[in-house]
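Asker: Listed below are the residues making up each chain.
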Amino acid sequence: MRIPHLLACSTLLAAAAGVASAATITIATVNNGDMITMQKLSSKWEQQTGNTINWVVLEENVLRQRVTTDIATKGGQFDILTIGSYETPIWGKQGWLLTLNGFPASYDYNDIFKGVRDALSANGKLYAVPFYAESSFTFYRKDLFDAAGLKMPAKPTYDEIAQFADKLTDKSKEQYGICLRGKAGWGENMAFVDTLVNGFGGQWFDMKWNPELTSAPWKAAINYYVNLLHRDGPPGVTGNGFNENLALFSTGHCAMWIDATVAAGMVFDKTKSQVADKVGFTAAPHGVTEHGTGWFWSWALAVPASSKKADAAKSFLAWATSKDYVKLVGETNGWTGVPPGTRQSTYDNPNYIKAAPFAATVKTAILSADINHPTKNPVPYTGIQYVAIPEFQGIGTQVGQFVAAALAGQMSVDDALAKAQAATKSTMQQAGYIQ
Amino acid sequence: MTRHSKSHRVAGALAWIAALAMFFPIAWMFAASFKTEVEAIATPPLFVFTPTLENYREVFARADYLGFALNSVVISLGATLAALALAIPAAFAMALYPTKRTRGTLLWMLSTKMLPPVGVLVPIYLIARETALLDTRTGLIIMFALSNLPIVVWMLFTFFKETPKDIIEASRIDGASVLQVITVVLLPLVTPGIASTALLSIILCWNEAFWSLNLSAHDAAPLTAFIASFSAPEGLFWAKLSAASTMAIAPILVLGWASQRQLVRGLTFGAVK
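Residue numbers (my numbering), protein chains in the order written: chain F, 1 to 435; chain E, 1 to 273.
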């Protein structure tokens, strides 16, 4: 064979090898700002690797149902899943996810906050890498506080929050002292209610997994929640989730709002918020304890065990959750838009600290949220605004409906909690936790 | 004014009110698609605003609308044709040659629509996985055809029953086979009924969300999946969701308007005798 022919064959073989190694991966993700940014920037990874990506973008609850069905039946439809810190350890223990411990040294696992890594691990193995993380804290209107001669403490109590809300409510101007989630759902009203109950000294279960929903702290917490929102909340509160409250706060109808830290970037965005220059923020309120008063959540990326393109999928994860990716977002979209709450290097970056005045408070909130010690007294579970057991989605949603019914005035708080206790007990018995 | 014309006017006014009430959500969605995200969630709601095409630009940039729309067209038409192919002979037999069990069979068919789809999600998902029909148009065509089959059979059964039996019997006496009776005699008589059944089936397929979201991922995802991708738990999305929804319903809305005469004729076929 002549040399030119040999060269041509070699070139063809190399090209064929290149084509063979290029893969098309399918990513299931949620529709939020950070994920959309990832989708837009992912062409850089495609160019670097020759791989291509099919995106399946769904609403959070639809996505959760969709990927749960797929992974439980080993459907193999997706190569990368966007899942939360609730599902990751449960699915990891089931053997449904691949471990993600083998990324190159440049990935620098130790740069990821330890609390975030722990939340995405089970039995010491990392099953998902964090895309962003959030806690909860208190947003308030500095202008209204100044006008009323009030001062927001660095660590407010629930009593103080109620006093401020009473003073700042002026329903004739559609100005409400407090906006809180009221829409039923384990990720909706129960996200806030769980932190409230934790702060009042309550817990979901005792050390033997007996539900404690009729205990004094639960009753005190839910009475506080219902009475506060009746006095100082906006109308139609049982229909309000994160987005509705964001809209109310952004258009100047709420003096205070306790919700996800990820909202900070949205209420500070002058193009979307009418109160961007009037917003202050402080820690989530506490009661008899500070344990579990600010929640912890992380959207993370995982590779299902059923994926046939695990290498390409892991390569994408290593890119999309790296320090370089954070830098790329900052330089492309502006530093307020970088995925928050995951890496120390993000908070060491002067560009980010300068652009995001809320950065230090968010970091403190995330680092303070300890999912392993969520309550005043010891509990057999982890998770602050959820209990990391598979049954919790059903339990949380059902209890959320009873709490929403009490808020709507359809039943008393005592009745709602009695029914919630009975339903939870029944589920725990059926699942074999208790007799 | 006579009493008759007065009651006509009242009925006309009520019809207009009902029509406007039904159309209002669509009109509001259409208007919201031209607002900014802040305007879309403003309280009190904004009726006067400067329209923007930004949402449409964003929606086009983020998702392959034409790919989703093509899937919707292929799946809706395919499922409707498959359902008609199965339902026409079934309805023919039950309408013109009923047995003691016909009524029970019809009720049983309809009862399958009363089952919440989520109750059979896992078995159907497993069947689709085992037969390699996950995320394929064929899989969704089969699923939609089967799920709409009871309604299609019922509608066709009603139309076929209105056909004069004498004509069918005469053609049988003249020596026509069953297939000839259906294709040459029956189908021309009930064309308006079949057309309106087909239109209803297309609309049902076009709007079906549960199975299309659960059995498709990327390759076969229709417009319902396209809409779902613009809903968000954290962040403002009403304006973009409205733009996506407007784009998703536009083809079926146009089809409905274009064929409304045929649709009404079919739906009232045999109503007055």
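Some hints here could point you the wrong way.
[Unchecked claim] Covered by chain F, per the in silico footprint, the following chain E stretches (three or more residues, Cβ under 8 Å):
{"hint": "1", "segment": "123 to 133"}
{"hint": "2", "segment": "158 to 166"}
{"hint": "3", "segment": "214 to 228"}
Simulated from the structure, these hints should not be mistaken for lab results. Fair warning: this is a prediction, and the values are worked out from it, not measured in the lab. Just so it is clear, CB atoms sit at the ideal spot from N, CA and C, and this is done for glycine as well.
Asker: All the hints need checking, so say for each whether the structure fits it.
Answerer: Each hint tested on the structure:
no., hint, result
1, 123 to 133, "holds (count 3)"
2, 158 to 166, "violated (count 0)"
3, 214 to 228, "holds (count 7)"
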